[in-house]
Amino acid sequence: MVKMTYVEASRLAVQEAMTADETVWCVGEDLGRGSVFGQYLGLQAEFGKDRVVDTPISEAAIMGAAFGAAMVGTRPIVEMRFSDFALCATDELVNQIAKARFMFGGQSRAPMVIRKPIGLWRSSAAQHSQSLESWYVHIPGLVVLCPSTPQDNYSMMKAAIACDDPVVYLEHKNIWGLEGEVDTSLEVEIGAASRRREGDDVTIVSWSNTANLSVEAAETLAGQGISAEVIDLRALWPWDKQMVLDSVRKTGRLVVAHEAVAVGGFGAEVVATVAEHGEALKGPVRRLGAPRSLVAYAPNLEDKMRVTVDMIVTAAKETLGK
Amino acid sequence: MPETGHNTQNARQLLVMMERIRAFEEHAILAAERDKLVLGAIHPSIGQEACAAGVMTHLKRADILLSTHRGHGHTLAKGADPLAMMRELLGRTGGCCGGKGGSMHIADFGVGMLGANGVVGANITIAAGAAHGIKILGQDHIVVDIFGDGAANRGPFLEGINWASVFDLPILFICEDNQYSATTRTSSVTGGPGVAARAEALGLRATVVDGNDAEAVAQVSGEIVARLRGGGGPEFLHAVTYRHTGHTSFDPGAYRPEGEADKEIAANDPIARQRAVLLAMGLGQDVLDAIHSEAQAEMEQVLADAAATPFPPDEAAFADVQDIGSPMQEAY
Ligand SMILES: Cc1ncc(C[n+]2csc(CCOP(=O)(O)OP(=O)(O)O)c2C)c(N)n1
Ligand SMILES: [Mg+2]
Numbered sequence: 245m246v247k248m249t250y251v252e253a254s255r256l257a258v259q260e261a262m263t264a265d266e267t268v269w270c271v272g273e274d275l276g277r278g279s280v281f282g283q284y285l286g287l288q289a290e291f292g293k294d295r296v297v298d299t300p301i302s303e304a305a306i307m308g309a310a311f312g313a314a315m316v317g318t319r320p321i322v323e324m325r326f327s328d329f330a331l332c333a334t335d336e337l338v339n340q341i342a343k344a345r346f347m348f349g350g351q352s353r354a355p356m357v358i359r360k361p362i363g364l365w366r367s368s369a370a371q372h373s374q375s376l377e378s379w380y381v382h383i384p385g386l387v388v389l390c391p392s393t394p395q396d397n398y399s400m401m402k403a404a405i406a407c408d409d410p411v412v413y414l415e416h417k418n419i420w421g422l423e424g425e426v427d428t429s430l431e432v433e434i435g436a437a438s439r440r441r442e443g444d445d446v447t448i449v450s451w452s453n454t455a456n457l458s459v460e461a462a463e464t465l466a467g468q469g470i471s472a473e474v475i476d477l478r479a480l481w482p483w484d485k486q487m488v489l490d491s492v493r494k495t496g497r498l499v500v501a502h503e504a505v506a507v508g509g510f511g512a513e514v515v516a517t518v519a520e521h522g523e524a525l526k527g528p529v530r531r532l533g534a535p536r537s538l539v540a541y542a543p544n545l546e547d548k549m550r551v552t553v554d555m556i557v558t559a560a561k562e563t564l565g566k
Numbered sequence: 553m554p555e556t557g558h559n560t561q562n563a564r565q566l567l568v569m570m571e572r573i574r575a576f577e578e579h580a581i582l583a584a585e586r587d588k589l590v591l592g593a594i595h596p597s598i599g600q601e602a603c604a605a606g607v608m609t610h611l612k613r614a615d616i617l618l619s620t621h622r623g624h625g626h627t628l629a630k631g632a633d634p635l636a637m638m639r640e641l642l643g644r645t646g647g648c649c650g651g652k653g654g655s656m657h658i659a660d661f662g663v664g665m666l667g668a669n670g671v672v673g674a675n676i677t678i679a680a681g682a683a684h685g686i687k688i689l690g691q692d693h694i695v696v697d698i699f700g701d702g703a704a705n706r707g708p709f710l711e712g713i714n715w716a717s718v719f720d721l722p723i724l725f726i727c728e729d730n731q732y733s734a735t736t737r738t739s740s741v742t743g744g745p746g747v748a749a750r751a752e753a754l755g756l757r758a759t760v761v762d763g764n765d766a767e768a769v770a771q772v773s774g775e776i777v778a779r780l781r782g783g784g785g786p787e788f789l790h791a792v793t794y795r796h797t798g799h800t801s802f803d804p805g806a807y808r809p810e811g812e813a814d815k816e817i818a819a820n821d822p823i824a825r826q827r828a829v830l831l832a833m834g835l836g837q838d839v840l841d842a843i844h845s846e847a848q849a850e851m852e853q854v855l856a857d858a859a860a861t862p863f864p865p866d867e868a869a870f871a872d873v874q875d876i877g878s879p880m881q882e883a884y
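Chains as they are written, first to last, in the working numbering: chain E, 245 to 566; chain U, 553 to 884.
Mixed in with the good hints, there may be bad ones.
Beta-carbon label-pair distances, calculated as ranges [what the hints assert, rightly or not]:
id	chain 1	residue 1	chain 2	residue 2	range
1	U	Met833	E	Thr263	30 to 40 Å
2	U	Asp720	E	Leu285	19 to 29 Å
3	E	Glu260	U	Asp720	47 to 57 Å
4	E	Val338	U	Asp841	48 to 58 Å
Think of the hints as simulated: they come from the structure by calculation, not from any bench. Note that beta-carbon positions come from the ideal geometry of N, C-alpha and C, so glycine has one too.
Take the sequences, apply the hints, and build the full model.
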């Protein structure tokens, strides 16, 4: 066990993978400087400019070129800087990377990790704050991961780099400094959720930073005599339906909480799946997400978009009729 | 690779390949219109065969090619099996993509052909990346990316060519300019002095060639390929040609000025021009006729064999999407 931050954890995973496999390389803007959040600090000094590649501000080319390089046998780690800028490379990801293996009848593979930092982060306003994970879940061909802890950011990055499918890897910008113990021998199976806290009264399903808020909410609820189970999905495609269904069968109550806009969000998929499986619920489902509005710069307005610990506590109590 | 241009053997090879490409596409059109066996759109390259034939004579199997929606000729010339290609157009088992891609996604990785593309211009960045990957892996083959004149107005043209330039990659970009972007005359929607100037502005050496002259294309592309193999940086070739058909096999091309197509076909058909070259070299008309009928017979058989092949099994609809979270395990 080593104590490290969320950003150090994925950096260590990348560093170890690059040491183990010469075909792994990183490509994006300003990587030599560590990129915006220090995810690549020291890697160019260690591996050289040909494996930690500083690129022009050409998101479409970063994504497209990495894909071309993947098809000829390399394993690129693609940095999009902010998930918002990845929208400049939508054709490359959605029409090319996700579809090539299928369209070419299995002739090609795109073993790539596409890193897109997501989420609200101190007055970054509408073009630097989005959480668009549900878009990617909607695209067959992609794996979608949303780690929320240093341990997961280490183990899931390792798994993502080893994966032969294109992986959309969504780190949350607000928790780069989050500290935790990391066991570097721990492997995470892609698609397995993490039960962050056990409980009997209500199931809270979440992911990314909102999973951390959900754990806090569960602690508050415990102080009020309510036992909440927190499931951190970690992976949105494939996702751990079984753990959610088993938990809801036990508790009979469900809260889904995420930072993305609630309308059309992945929370709806979770709720629909529970409904389709006919789980008998003892109370109303609560689904928390951002209102369908835009993230503003002013802090009070930005706060209007947040799902907070208090909101999760309240929602859990509502499922219990309290 | 032997010198091209003034040698009967090579000149004849160019004609053979162009005749085969044309025969393939004529049969593909028959399959679409007469037989109703090709269901999706096909974009014939009839009239543009010189670029495919001329460039591919210089490529080895391990060299990489990327192409466009109008890519049958390039793919065949790179060495793909015409039967696997025709099966693909008909959506059949044994198609080069198992019947899952069709004409616009034709690809044969076994011969280094990494795909046509249904999105105009998209292969420019991908091709630059293939060259980047080759460089990272320390391999010595080269990449050729062919796109249309319309693609030069999309963003990937800037981003992909700049990328190849700054990373000094072993790639030849070819703009196969048939003068039309679907139904629009490309010059009417394109600013500035032209695509070669755009490439030069990004730091590439650019060459312009008569894209209906197979000998000339073979000559200049041979020189460029030699420079690339010698470690030279990325280059650009602007090959000006003309599309004899409409945009797709269903398009009569009626938007073109009256007489334009007839005049171009009469004056500039690359196959007719190559026949004239060979006649001047002393080959007999009977030899030329034999080349023509052999190509026609080959592709007639190809179409018959493709039509006799079954459609893919239903399970293929879920295969080769992804390993983890595959629809074969969970599709909902
Ligand atoms: C991004 C994109 N926009 C539009 C289309 C529709 N489209 C298909 S081919 C074509 C014309 C392309 O012209 P050009 O690049 O010159 O190639 P050509 O068809 O002449 O070979 C268009 C507009 C497309 N496939 N992709
Ligand atoms: Mg054109």
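Structure-based check of all given hints:
1. Between Met833 of chain U and Thr263 of chain E the Cβ separation comes to about 60 Å, which falls outside the hinted range of 30 to 40 Å.
2. Take Asp720 of chain U and Leu285 of chain E: their Cβ atoms lie about 27 Å apart, and the range 19 to 29 Å holds.
3. Hint check: Glu260 of chain E to Asp720 of chain U, Cβ distance near 30 Å, so the stated range 47 to 57 Å is violated.
4. The given range of 48 to 58 Å is respected by Val338 of chain E and Asp841 of chain U, whose C-beta atoms sit roughly 50 Å from each other.
The structure shown violates the earlier hints numbered 1, 3.
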